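Asks: Residue numbers (our numbering), protein chains in the order written: chain A, 1 to 410; chain B, 1 to 192.
Rather than coming from a laboratory, the hints here were simulated on the basis of the structure.
All the given hints hold, so there is nothing to weed out.
Label-pair ranges, simulated between beta-carbon atoms: (1) B:27 x A:112: 34 to 42 Å; (2) B:73 x A:386: 20 to 28 Å; (3) A:121 x B:71: 34 to 42 Å; (4) A:51 x B:174: 23 to 31 Å; (5) B:71 x A:112: 17 to 25 Å; (6) B:122 x A:402: 35 to 43 Å; (7) A:106 x B:75: 24 to 32 Å; (8) A:116 x B:71: 24 to 32 Å; (9) A:388 x B:27: 35 to 43 Å; (10) A:386 x B:185: 48 to 56 Å.
Predicted, not measured: the structure shown is a model, and the values here were computed from it.
Just so it is clear, CB atoms sit at the ideal spot from N, CA and C, and this is done for glycine as well.
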Amino acid sequence: MRIVSFPADEPLPGQEAWIASLEDALRGESQDPDAGAWRELRDDVRSLAPVMTPAFEGSLAQGLERLGALQGGAVQADTRPPGEALADTRLRRGRRSLAAHRRPALAAAATAAVALVAAVLIAASHGSGWIASAPVERTPAAAQGASRPLPSTPAQGAATSAPASKAVEASPALGAVNAAGAASAPGRAQQLAASVTLGSTAANLQAISDQVAQLAVRDGGYVQSSNVQVQQQGASEATLALRLPSAQLGAALGAIGRLAPIRAENQSLQDITDAYDAARQQLSDAEAEQRALLRALAAATTEGQIDSLRQRLSASRAAVARSHASVNAVSQRASTAEVEVSILGDVRAGSEGLTLHRGLHDAGRVLVVALIVILIAAAILVPLALVLAALAVGGSALRRYRRERVLNDH
Amino acid sequence: MSALVSSFDQPSSRAGGAPRQGVLDPAAFDALFRDCAADVHGYLISLLGDRAAAEDATALAFERLYRSRSRLDHRRGTPRAWLFAIARNAALDELRYRRRKGSYGLREDLVEDRASGDALEEVERRATVRDALASLPLRERELVLLKFHGQLSNSELARALGISESNAGTRLHRALTQLRAHCAATGREEVA
Numbered sequence: 001m002r003i004v005s006f007p008a009d010e011p012l013p014g015q016e017a018w019i020a021s022l023e024d025a026l027r028g029e030s031q032d033p034d035a036g037a038w039r040e041l042r043d044d045v046r047s048l049a050p051v052m053t054p055a056f057e058g059s060l061a062q063g064l065e066r067l068g069a070l071q072g073g074a075v076q077a078d079t080r081p082p083g084e085a086l087a088d089t090r091l092r093r094g095r096r097s098l099a100a101h102r103r104p105a106l107a108a109a110a111t112a113a114v115a116l117v118a119a120v121l122i123a124a125s126h127g128s129g130w131i132a133s134a135p136v137e138r139t140p141a142a143a144q145g146a147s148r149p150l151p152s153t154p155a156q157g158a159a160t161s162a163p164a165s166k167a168v169e170a171s172p173a174l175g176a177v178n179a180a181g182a183a184s185a186p187g188r189a190q191q192l193a194a195s196v197t198l199g200s201t202a203a204n205l206q207a208i209s210d211q212v213a214q215l216a217v218r219d220g221g222y223v224q225s226s227n228v229q230v231q232q233q234g235a236s237e238a239t240l241a242l243r244l245p246s247a248q249l250g251a252a253l254g255a256i257g258r259l260a261p262i263r264a265e266n267q268s269l270q271d272i273t274d275a276y277d278a279a280r281q282q283l284s285d286a287e288a289e290q291r292a293l294l295r296a297l298a299a300a301t302t303e304g305q306i307d308s309l310r311q312r313l314s315a316s317r318a319a320v321a322r323s324h325a326s327v328n329a330v331s332q333r334a335s336t337a338e339v340e341v342s343i344l345g346d347v348r349a350g351s352e353g354l355t356l357h358r359g360l361h362d363a364g365r366v367l368v369v370a371l372i373v374i375l376i377a378a379a380i381l382v383p384l385a386l387v388l389a390a391l392a393v394g395g396s397a398l399r400r401y402r403r404e405r406v407l408n409d410h
Numbered sequence: 001m002s003a004l005v006s007s008f009d010q011p012s013s014r015a016g017g018a019p020r021q022g023v024l025d026p027a028a029f030d031a032l033f034r035d036c037a038a039d040v041h042g043y044l045i046s047l048l049g050d051r052a053a054a055e056d057a058t059a060l061a062f063e064r065l066y067r068s069r070s071r072l073d074h075r076r077g078t079p080r081a082w083l084f085a086i087a088r089n090a091a092l093d094e095l096r097y098r099r100r101k102g103s104y105g106l107r108e109d110l111v112e113d114r115a116s117g118d119a120l121e122e123v124e125r126r127a128t129v130r131d132a133l134a135s136l137p138l139r140e141r142e143l144v145l146l147k148f149h150g151q152l153s154n155s156e157l158a159r160a161l162g163i164s165e166s167n168a169g170t171r172l173h174r175a176l177t178q179l180r181a182h183c184a185a186t187g188r189e190e191v192a
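For reference, chain A alone in the conformation it holds in the complex (with noise of 0.2 Å):
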């Protein structure tokens, strides 16, 4: 692009050989007449111009040795003071004129590093899947918050440790975070279920599932059925179902992850609240139903009258006893979490630690990370160098520009 406009560009007739004659001639290669006459007009003008004066050829070559541009001894050193060295002023605009060289270069260089490190956050934000050395599929729920342990809130540690009777009162508080790592309202009453499939080797299989079972007697909960199935050849597999007080839940989560590489994870909740406040209404109504008839019964009179009311109260103890039941079911179910640990021990899981076929994924995951950080980088980079370009282009152009309309104003 070139938006200045010169004279004409059409070469003149026979403007080829009055170059080369011209050349010819300032060369000193013809000796034409007027060869003779170009050679002294060149001498002419050039004898116009004052001669460079030997003090500022002297502080120019200085200068030029400081920057280490010339080799010492190119020219006579100035004799002048130091104060009135001329190349201590006449180079102060080179200095500003590295510092412009610079300027640009470590822009470019502060931009490639921000767009290398948005793209490795961005990379790192869709999801630790892309990172993880270790193969963890994990479900949407899980996704979102599965490795986060759960916080456990003073209400959930008073459901757990307190009787049932007491946990009732104190489970509405236990959803005040769920198991898929979203805040909740308080005063709900959530159940929460978790799945941990844990990859290990067949010799490691009974170890692993032990040890499992131990944490969740130390988290106060109790393996309510266990599965453990170990082959010489083939795949062995354990299933474990677990019951963990809810507030323990994430600790535990977290401690079953640490024993072996976690293949998926699983975590769900489901709200109860109305069950609970149904339970809850039913018992409450029984209990109403209870103290009338009890008062019915101290104010009657006749066999009649009493042998009924004692049976109607018979009856509604029952239903009271059967009410308290149930509220303390839900009252369960919000404070015990529902985990199951499945440990597969076969021949992929055989290959953690450091094999080749290990070392070989690992290194195709890292490349592969590494492949989407360039991708995202130059998504960022690319656009960027084209409006940086394009905007150094003109720049330049408009300097040029600038730079010729002197000559055409004067």
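Starting from the known structure of chain A, arrange chain B on it as the hints suggest.
Replies: Coordinates of chain B only, in the frame set by chain A:
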């Protein structure tokens, strides 16, 4: 000049190393300085008409050449042409600076004492050339100065100006024709 180009074109003296195309080595820069410093200074002082500004621009041109030596590509011109292109840009920047400051006119304070010892005929001839040069528009005058002080070939001139060789030749033809016409008009018959 020839030593400079030779040094620039020859493979590097480093053992086993390929020549670095864009780098003006210290010896070549040294030769260029000794070969061209006076010409650059003469071009700039003739164009700017001011010794201090010419010295500033001369120093700036050499320093910029040194800073940009890694970008020097001999396929795009000789170091001498590159140097004069830088010097020309520095001079035009100086003229723009003067225009912004308001001191727009060129200061024609070129010394004449140099001719004091010369024959009267030469003094008169130079005066004729000086007057003819001064009568040229700045664009043509700058071209003549660049051609004669820079001693650039037509292709080097085109590189320095950033235009095509054809355009450079056309402009040079026009400028020199005008200069000779002015010389003829003021009595410089032998040139015109």
